[in-house]
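Q: Protein chains in written order, with our numbering: chain W, 6 to 684; chain F, 27 to 178.
Heads up, some of the hints might be wrong.
[To be verified] Straight line, CA to CA, 16 Å or less: simulated EDC-like cross-link-like pairs of lysine to aspartate or glutamate: (1) W/K386 x F/E64; (2) W/K271 x W/E344; (3) F/K28 x W/D540; (4) F/K32 x W/D155; (5) W/K575 x W/E537; (6) F/K28 x W/E344; (7) W/K592 x W/E270; (8) W/K386 x F/E132; (9) W/K202 x W/E340; (10) W/K202 x W/E270; (11) W/K68 x W/D204; (12) W/K609 x W/E537; (13) W/K271 x W/E380; (14) F/K32 x W/D527.
Calculated from the structure, these hints are not laboratory results.
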Amino acid sequence: MTLIGELALWVALLMAVWATMASYAGGYYHRGDLIESGTRAIYATFAMVVLASIGLWTALLTKDYSLEYVAGHISTNMPSAYIFTAFWSGQQGSLLFWELILSMYATVALLTSRRRSPELIPWAAGTLGAILVFFLATNAFKANPFVRLDWLPVDGKGMNPQLQSPGMAIHPPNLYLGYVATAVPFAFAVAALITRKMDTDWLAIVRRWALVSWFFLTIGIVLGMWWAYVELGWGGYWAWDPVENSSFLPWLSGTAFLHSIMIQEKRGMLRKWNVVLVVVSFLLAIFGTFLTRSGVVESVHSFAQSPVGTWFATFFFICLAVTIYLVATRLRDLEARAELESMISREAAFLYNNLLLCGIAFAILWGTLFPVISEWVRGTKITVGPPFFNTVNVPLGLLLLALTGVGPLIAWRRASVSNLKRQFLVPAIAGVVVLVALALSGMRAGYALIAYGLCGFVATTIFQEFRKGVSARRHIHGEGFAAAFVHLIARNRRRYGGYVVHAGIVMLFAAFAGLAFKTQHDVSLLAGQAYEVRDPYGHNWKFVSQGTSMSETLNRITMGVSLETWRDGKRVGLITSEKRQYLDSQKNPLFQPSTEVGIMTTPKLDTYVVLAGVAQNDQAELSITFNPLVMWVWIGGFVMMIGGLIVMWPQAERRRAQAGYTSVMLPAREIAAEVPAGV
Amino acid sequence: MKPRTKFLIGGGLVLGVAVYLMATSIAQTGTYYLTPTELTAKLDTDPSFRSTGVRVGARVVPGSIQRAPGGEEYAFRVTDGARTLPVIYRGIAPDTFTDSVDVVVEGRMGTDGTFRATTLLAKCASRYESAPTRPKYQQTPGYQAARGATHA
């Protein structure tokens, strides 16, 4: 099966080469037979990549240690679930995983859009084929997962214990699903630029795939945060590490695109800008993949340095050059069909939203690359850390949060005073009330106060929208509360799904603001000793060490300590933190010891205990962190995912035709008020 | 004034503030990232550099890690091959901190020539992967010769 797998990888490469040549040639000479052949070659590439993947999975699950990849990534005594996920835990396998997703996406995208946009198909298929050629060639020539060792190891080297976690099993696939999905809008953007056809069907395809990318990137990033929080044991979930940043960048540009595309749909504006965003998202995804694999930037979680770096850099610059040429030669086709009419309008709000998202992305890119840039310019490496990213991004992020409340409610074209008053009076009061209440209760951190005030404002705007919509439905259709609520969302998925996403964003911002109040304490405790401390809310905590223990299980030796925990004199439970040493089947230690964090979670506060080590006479060295509101990061992420699902859920054709924008549910006087004066 | 111009002015303001924040925070929080050799060279030419916080990337000298009894103080040496630097670090060391790993220490050079680190980051050359290595006995010339004879 491994032999078939390797063969399939090479055949896939040939198929992708054919797909590219046949599609482009067919598009150029308008030859239907070549176009058909090229599209089919994409499907064949997908089939071959599936076969190659089955080959690698078979080698892993049958523990064929003659393969370098298998011997390097698993060991006999590992749980099978992680043997399965070892497929994407290394350089070679994860490249194959990229191709698996990309060829699948390409197949689905071509199948679903060939009838509606036949002129775009050859160019999109050719571009997708070209991307596949690059990845398959890199995989086959530079990082082949089927390379054999000239000796047979008794056992493999196992998987890093930090990767043996459910979070790590599902975080990379989601991130890859998100990264790779940027290739489809890119391919269709290239196709539209070449054919100069940028109609509503094109918009629909690009928007759908941008949404898929955004959805999976969101899940991937939040899972990555969760994994870092529970697995790495440094007390936080985001460190502005280059690898984290590189997953965040395409998310930011994708988010900007999902907003600005609405302006193009409604008003025919921002046509150049949207193409640029599509291209930038793809380039950032390639750049992120390059960054994680090349060793260009120092990161605590990069892959081993490898020769694929130069290949990725070359590919990146080719894509950049081609798209710059295409956009530059087609500027006239991309002229806007309308102009901005007023600064107090939805268009302006969305423009600022885009400006901020791109500003944040640029600042993050700049900070990530600053060591490289400063070495070029001044000859010495200068690194910037979390203080840089926070100084720049906190104010920009807060402005963005404010726009989250303004954008969806302000009128198109030109907002009237009555529109502003009707939509924003109550939310603004709510925001100020939250701010004042918190300030009076003793909160003194400036940015946090502003953040909670804005959270109050945005949350109220969302609540107000749902309340208005539900009561209108109950009024018109005589539905009950629950039915009205469900129908409201179901009939206007884009709008109300968007609000659900925004609700998730509010929760995230509330949680981020909680970071301002995080406290950490380093403690050494003998068995029976107690440590008393106050948390950020002013509660009194007491931790009593129950002593250290040691145990041996299947593939690890575990050293642990338990703390009996009391809050305000009431016992709240036991927190256990462990240090684990993983072993191979011959009991040899594998990797460095790893930490299992003890976390006690409540909606208000996480109590986070890390066993740093055990000194002589069994004294446990601990780090105890009070992390306010962390739970809301995970809840917020989940809410965003649900919102994304609502927006993405396919609507039946008939319904889509019926569902006008807001007209279905708003009573007549509301509609009259929505339409600006003079129209 | 046209709304477009107004928007551009507003956008320019926002971007201006962002660039200002970036520039000032790089000036305030940017840290030199040096090797022990570069750090020594800098200190030789400019002794006042001692008061500047820097990050030093180097490898831990095997066997040099000493842990103060009971406390959380580590004394160790790092090297880039040419220069070796003694380091003292107080705090919790990461799991990956052992002999011969690449570390990044952040702190200041003391007057006694010892580097006082406030943060310690350790990284494996390949953190998530470890290449399979031949058992010792298989690396001997005798084994290779015998293997060559049977497999040729």
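Q: Hints first: check each against the structure and report whether it holds.
A: Checked hints:
Taking the CA atoms of W/K386 and F/E64, the gap is about 11 Å. The hint holds against a cut of 16 Å. Annotation: proposed proximity of W/K271 to W/E344 holds, straight-line Cα distance about 12 Å (limit 16 Å). Annotation: proposed proximity of F/K28 to W/D540 is violated, straight-line Cα distance about 54 Å (limit 16 Å). At roughly 69 Å between alpha-carbon atoms, F/K32 and W/D155 are farther apart than 16 Å, so this suggested pair is violated.
The straight-line distance between the Cα atoms of W/K575 and W/E537 is roughly 13 Å, inside the 16 Å bound, and the hint therefore holds. A distance of roughly 10 Å separates the Cα atoms of F/K28 and W/E344; the hinted pair therefore holds under the 16 Å criterion. Distance hint between W/K592 and W/E270 is unfulfilled; the C-alpha atoms sit about 63 Å from each other, more than 16 Å. The straight-line distance between the Cα atoms of W/K386 and F/E132 is roughly 14 Å, inside the 16 Å bound, and the hint therefore holds.
About 13 Å separates the Cα atoms of W/K202 and W/E340, which keeps this hinted pair within 16 Å; it holds. A C-alpha spacing of about 15 Å is found between W/K202 and W/E270, which places the hinted pair at or below 16 Å, so the restraint holds. Our distance criterion of 16 Å between C-alpha atoms is broken by W/K68 and W/D204, whose separation comes to about 52 Å. A threshold of 16 Å between alpha carbons decides the hint, and for W/K609 with W/E537 the separation of about 20 Å lies outside it, so the pair is violated.
Taken as a hint, the W/K271 and W/E380 pair is broken in the structure, with Cα atoms around 46 Å apart against an allowance of 16 Å. Simply put, F/K32 and W/D527 have alpha-carbon atoms about 53 Å apart, too far for the 16 Å limit, and the pair is violated.
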